[in-house]
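Participant: Okay, here's what each chain looks like letter by letter:
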Amino acid sequence: MSFWQDPIGFLGEIIRNFLFNLLPEAWATFIFTLLSVVIVASFGLIIVIFLIWVERKIAARFQDRLGPNRAGPYGLLQTFADIVKLITKEDVVPEKADKLTFNIAPILSVVAVLLIWAVVPFAPGWIGTDLNVGVLYIAAVGSFGILSILMAGWSSNNKYALLGAFRAVAQLISYEVPMLITLMVPVLLARSMGMMEMVQDQDVWFIVLAPVSGLIFMVSSIAEVGRTPFDLLEAESEIVAGYHTEYTGMKFGLFFAGEFLHAFTVGVLFAIFFLGGWRGPGAEEYRLLGMVYLMLKGFLGYFIVMWVRSTLPRIRIDHMLALNWKFLTPVSLSLLVLTAILDKIYGETALRIPALLAGNAVVLLLGYLIMRAVSRRQTKERPTFKKRPVAKPA
Amino acid sequence: MTAEQGVFIFTSFLTLFSGYMTVTRTNLVHSALFLVVALFGVAVIFVLLDAGFLAVVQVLVYIGAIAILMIFAVMLTRGNVTDEQESVSPFFGWALLLAALFAFALIVMLGQWQDVAAQAPALSAERNTVAELGAALVSPEAYVIPFEVASVLLLAALIGALVVARPQKKKR
Amino acid sequence: MQNTWLFIGIFIAVAAVFPLLPIVLAAFVAPRKPNPIKLDTYECGIETVGDTWVQFKVQYYIYALVFLVFDIEAAFLFPWAVAFDALPLFAVLEGVLFILILVGGLLYAWRKGALEWS
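If you're matching them up, the sequences are chains A, B and C in order.
When the first sequence is numbered by the numbering used here, its final residue is 394 and no position is left out of the sequence of numbers.
When the second sequence is numbered by the numbering used here, its final residue is 1172 and no position is left out of the sequence of numbers.
When the third sequence is numbered by the numbering used here, its final residue is 2118 and no position is left out of the sequence of numbers.
You may find that some hints are simply not true.
Calculated pairs, PhoX-like style, for lysine-lysine (alpha carbon to alpha carbon, straight line, at most 20 Å) [said to hold, decoys possible]:
#, chain 1, residue 1, chain 2, residue 2
1, C, 2112, C, 2057
2, C, 2033, A, 89
3, C, 2112, A, 326
4, C, 2033, A, 96
5, A, 99, A, 89
6, A, 99, C, 2033
7, A, 85, C, 2057
A few chain A residues that face chain B, going by a derived Cβ cut-off under 10 Å, partial list only [unchecked claim]:
#, residue
8, 36
9, 136
10, 357
Bear in mind the hints are in silico, worked out from the structure with no lab data behind them.
Note that the Cβ used here is the ideal one computed from N, Cα and C, for glycine as well.
With these hints in hand, go ahead and build the complete structure from the sequences.
Facilitator: Spelled out as structure tokens, the structure:
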């Protein structure tokens, strides 16, 4: 393979030969793995810096203003300025806080998001590690993030932080259920949990085969990240700043950066599971193109997340949880059942796409009709006010 | 000693240490967090045994759901999560003696087994163990009955827990 | 096995170190001027009253419980989904039965009002 076709593979071969000639095998493996880890982890972190700028600019444009444009050309250095500012802020640890837990929580939060990048397939052959249980690994790693929120809320020794942490965790674990169930649909369609195989099996993008599942995955992932319209966790007017009330300086910065990285990771995951990942014209030959495609699709997913954020108002927590348990979970379960049965019957035939699309359309239609009937009944049952005389000027 | 053995010994010590800390800490939330470390240690041991799927399910279910359930229970039901004094059973000495006897018996029995130091045969890389597990779970010759019974068991657990924990219904 | 999971193991270590770097840097660079008011717990600018605890709301526990049941269900269903090719339609229907039993549980919880945030 030439350099242009597969830069990482080419360089990887050179480094690998060098290392294996130099050191005994165990050490060579260790150092080679360490190098690849550092590359993948740095990629994740460097992209956060760019992401924060993108987010602020696009959110600003949605709000008909310019966004940061003073620090550097077009405000590109704004994130660096923010990082410097956060590092120089005093790190106030409340007196009665539980020191060890307090300090570990932000680190665990960032680690949980970074770990997802270990299994993201950037291009054919470019993947941190192709676990055969990649999809479930992603769901499992999310649970560390949930744990970090509980740790943050409790160790702050602050009623509001604790309350915020509980509500955050209640939201996160509730929305993990439809996320797990809709994750099962691409696994079913690709017949594998491995991330590379997931992309390789997408001759037809899964969004065509399972559009409603993709939509539900997007919605529950946005809720998992904690973005508007589900950002009750950080709503300042509600519970101060929620579970990270007592965090100052860089630790707060870590929570902040972790959330942005998580939002982008959600976009990339949506691209991998439903938009075909690195697939595109010429991706198998010129691997760099595959990575470009993935990043473009990931940014599309991220743009959708930002778009939703700028458009919709915040949902109240009881509405949010009702939406999850009474709408998203039953719909995703019925989609899973329908996709399983239809794919078994029509999977190998040419009727696969129309059959699955029809199944999705049926579920969507049924869901809409049921929601309409329920909302009509609720409107009738709503208490109406008695007519009162209109105030007249004396 | 290979690197794998080194990792195993380190993880075992970590797990045992965390287990010990779980039961001896007076602060219940600390106990719960040490439990999380112990569960993570078990997941690492699953990985060492070539059972990647089980390791991931361990983290997902045990740490992601059960540990969080326990932490909720601890944080919600106690105003003060610290026990006033260390609660050590008065029969500590007898328990220690019994545990030592069991350990001794186990070591003697394992020593008598010839294959104790044998390596498990390595799974060939082409076998898709997760697919085999899935096929076994629903095949009538294998584990389909336990599979369906498991779902009924989960249903029973859900209903039982809801009956016990049900919020009092307010009359509208 | 080893190489794939070794990557994850090293990744955890490296991913834990990366966030530590700015914190350590901040420990050198940032000012440190503690005073009792700054170190006190934040409660919208007033003094805290009473212990730090949260009113027991069984709802949190119930959500965690229902989540646990569906989590285990997902753990059972993922291998079923992966083995999809080798399964006859009957086996697929067995999986569907598994799902339907738990949908029954969800419906029970729904009707009994366990899913309300009251």
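Participant: Checking each numbered hint in turn, tell me which of them this model violates, lowest number first.
Facilitator: 7, 8 and 10
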